[in-house]
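Now for the letters of each chain:
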Amino acid sequence: MKLNKILKNTLLIIFACFALSACATSKKTTGQMQGDVYTGTDTVEYLASGVPDRVFFATNESVLTTASRETLRKQASYLRKNSKITIVLEGHADERGTREYNLALGERRANAAKDYLMTYGISSNRISVLSYGKERPVDSGSNPLAWSKNRRSVTVKAN
Amino acid sequence: MRIFVKIIIFLILIPSKSFGLIEVDITRGNLDPLPIAVSPLSIDENSRQNFEKILKKKNIGEEISKIIEVNLKTSGLFNPLNKDAFLQAPDIANLKPRFEDWNLIKAQALITGKVSYTDEKLRVEFRLWDVLAGKEMVALAFTTVPTNWRRVGHIITDKVYQRLTGEKGYFDTRIIYVAEEGPKTKRIKKLAIMDQDGANNKFLTLGNELVLTPRFNPTSQMVTYLSYFRNLPRVYLLDIETGTQEVVGDFPGMTFAPRFSPDGKKIIMSFAKDGNSEIYTMDLENRIVEKITNHPSIDTSPSFSPDGKFICFNSDRSGYQQIYVMKSDGSSVKRISFGKGLYGTPVWSPRGDLIAFTKLHKGKFYIGVMRTDGSGERLLTENFYQEAPSWSPNGRVLIFYRETKTDDKGEGFSAKLWSIDLTGYNERMVKTPTDASDPSWSSLLSN
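Line by line, the protein sequences give chains Y and P.
Under the working numbering, the residue at position 63 of the first sequence is numbered 70, and the numbers go up by one with no gaps.
Under the working numbering, the residue at position 338 of the second sequence is numbered 340, and the numbers go up by one with no gaps.
Because the hints were derived from the structure by calculation, they are not lab data.
Don't take each hint at face value.
So the derived list for chain P, only partly shown, Cβ under 8 Å to chain Y, looks like this [unchecked claim]:
no., residue
1, E54
2, I56
3, L57
4, E211
5, T215
6, P235
7, Y322
8, T347
9, Y387
10, K407
Glycine included, each C-beta is placed from N, C-alpha and C at the ideal position.
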């Protein structure tokens with residue numbers, strides 16, 4: 008009887024998980040965004056073949072997504088092989104925030120990328136950080152997709 | 003640039019503060035502006051010719067009265083009457099107005115005056131009259147260099163405003179702002195300064211580097227701002243009289259969001275390092291730097307209370323952008339914004355009683371005010387995007403900037419300065435030669 012109850016609960020949880028993920032995916036599949044994180048490649052440039060130069064963030068967030076971490080691991084591997092290259096991480100925000108807060112947010116995003124690169128063996132003295140806040144959008148649109156492209160940290164070769 | 007001008011007030015008749023004279027209530031939205039007649043300042047032919055030669059203005063008396071009229075109208079509190087209806091000649095009106103004539107055109111107040119060319123200087127006298135009571139309310143005369151003629155108009159407006167509202171004016175002031183040009187993705191930004199009414203616009207930087215958030219020192223002609231000179235975003239200090247610039251402090255990273263303390267002796271700003279922004283002050287005399295906040299969240303947009311005892315600032319320590327107040331040593335931090343949405347850019351009113359802010363709620367941006375304990379929140383204006391309010395020196399008007407939404411092609415972007423009364427009335431665009439953002443209002447230049 009007890010087992011039955013546990014089984015029932017487990018099933019309920021599994022069911023709930025399915026329901027949630029179904030709901031989430033139906034939202035996710037619209038456009039080139041996952042949640043409100045940009046997943047497209049329109050604006051992406053490459054440091055080298057197969058090494059994208061930028062990662063994207065959710066609104067007001069500086070947390071790295073799974074895709075962002077993958078991109079940064081590729082960058083780290085490229086930088087380990089090319090040990091003379093130094094980089095600037097340029098952190099950006101979208102236009103839907105006050106200027107000063109966005110400067111701080113851009114700095115936080117670039118540092119999130121920096122911290123991750125450092126855990127993959129890139130020395131901090133090869134990395135400098137520069138926040139542009141909302142001053143340098145790549146997409147001048149005033150819509151959620153444009154904003155998602157602009158919430159980014161871009162790795163730029165400095166030498 | 004020559005800013006400080008010697009204005010010698012050599013004749014001040016004490017304003018008659020007798021009971022029953024007209025008053026303008028500025029604490030409520032004024033839907034019924036006071037009808038006022040601005041009689042052109044009279045000028046003798048000899049003076050007129052001299053000024054025409056120096057200033058290339060045909061009739062400087064009329065020009066000055068036009069400035070007064072525009073100022074009064076812009077304030078939203080006054081309704082300057084059409085000059086065509088004036089019956090009395092300017093020179094005679096200044097000696098002794100025929101109040102019946104002015105009453106007939108429904109003027110409740112009347113400004114008269116005289117301009118003359120004396121010892122190569124511009125001499126002005128003016129009088130403010132209460133038409134109904136038939137009495138003189140203010141009389142003043144002063145001399146200045148002729149090139150200051152616009153300021154003469156502003157100073158007269160300030161005196162009139164002060165006499166009729168009981169509060170200091172804000173007309174003899176300037177606005178420093180960021181002039182913007184070019185596409186949104188490659189915006190070119192320059193520091194620019196202009197008179198409060200948009201005249202005498204000047205660019206202070208060339209646009210070679212990105213500049214943001216200029217703010218006036220309340221006690222001098224200094225400005226602090228953020229510059230990306232050599233791609234190092236740092237807070238700078240600029241003397242707008244001499245043009246000299248210097249970096250503020252020696253920080254190993256981005257400094258931003260600068261403002262002066264009310265006594266003008268310190269700069270308060272944020273310093274960002276390792277993903278954490280904290281608030282610091284630097285004493286401009288002894289260069290001592292103090293760390294004010296200590297929290298792993300973003301702490302920015304600091305602004306002192308006018309007595310210097312408190313600081314309001316923006317922090318996301320609760321998870322999202324909110325407004326906090328602390329003592330000026332960083333102790334007793336208290337969150338004051340609790341409404342729905344995000345709050346940013348807090349600025350303490352020069353009167354001390356209110357904090358202006360930007361609020362984002364459900365995709366709309368608001369400029370609002372609240373008391374310094376967070377109570378009494380009042381939203382003054384709603385738009386697609388607007389932020390960064392700055393107070394007029396008398397704490398009655400806010401200037402801010404507003405950006406438009408771009409269309410599907412990403413075109414149609416503009417950024418403009420706007421002003422609005424504390425009452426929520428009298429919203430108007432402040433004209434600038436280019437797009438504009440980040441306005442900061444100066445203190446009164448005279449008195």
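Quick rundown of the hints versus the structure:
1. Checking P:E54 against chain Y by beta carbon gives a least distance of about 46 Å; that is not within 8 Å, so the hint is violated.
2. For P:I56, the interface hint is violated, the least distance from its beta-carbon to any beta-carbon of chain Y being 43 Å, above 8 Å.
3. At a threshold of 8 Å, the smallest CB-CB gap from P:L57 to chain Y is about 39 Å, leaving the interface hint violated.
4. Interface restraint check for P:E211: the shortest CB-CB distance to chain Y comes to about 11 Å, outside 8 Å, so the restraint is violated.
5. Because the smallest distance between the Cβ of P:T215 and any Cβ of chain Y comes to about 7 Å, under 8 Å, the interface hint for this residue holds.
6. Interface hint at P:P235: satisfied, since its Cβ lies 7 Å from the closest Cβ of chain Y, which is below the 8 Å cut-off.
7. Taken as an interface hint, P:Y322 checks out: its beta carbon lies about 7 Å from the nearest beta carbon of chain Y, inside 8 Å.
8. Proximity of P:T347 to chain Y holds as hinted, the smallest CB-CB distance being about 5 Å (cut-off 8 Å).
9. Taking 8 Å as the C-beta cut-off, the interface hint given for P:Y387 holds, the closest approach to chain Y being about 7 Å.
10. Interface hint status for P:K407: upheld, as the beta-carbon distance to the closest one in chain Y is roughly 4 Å, under 8 Å.
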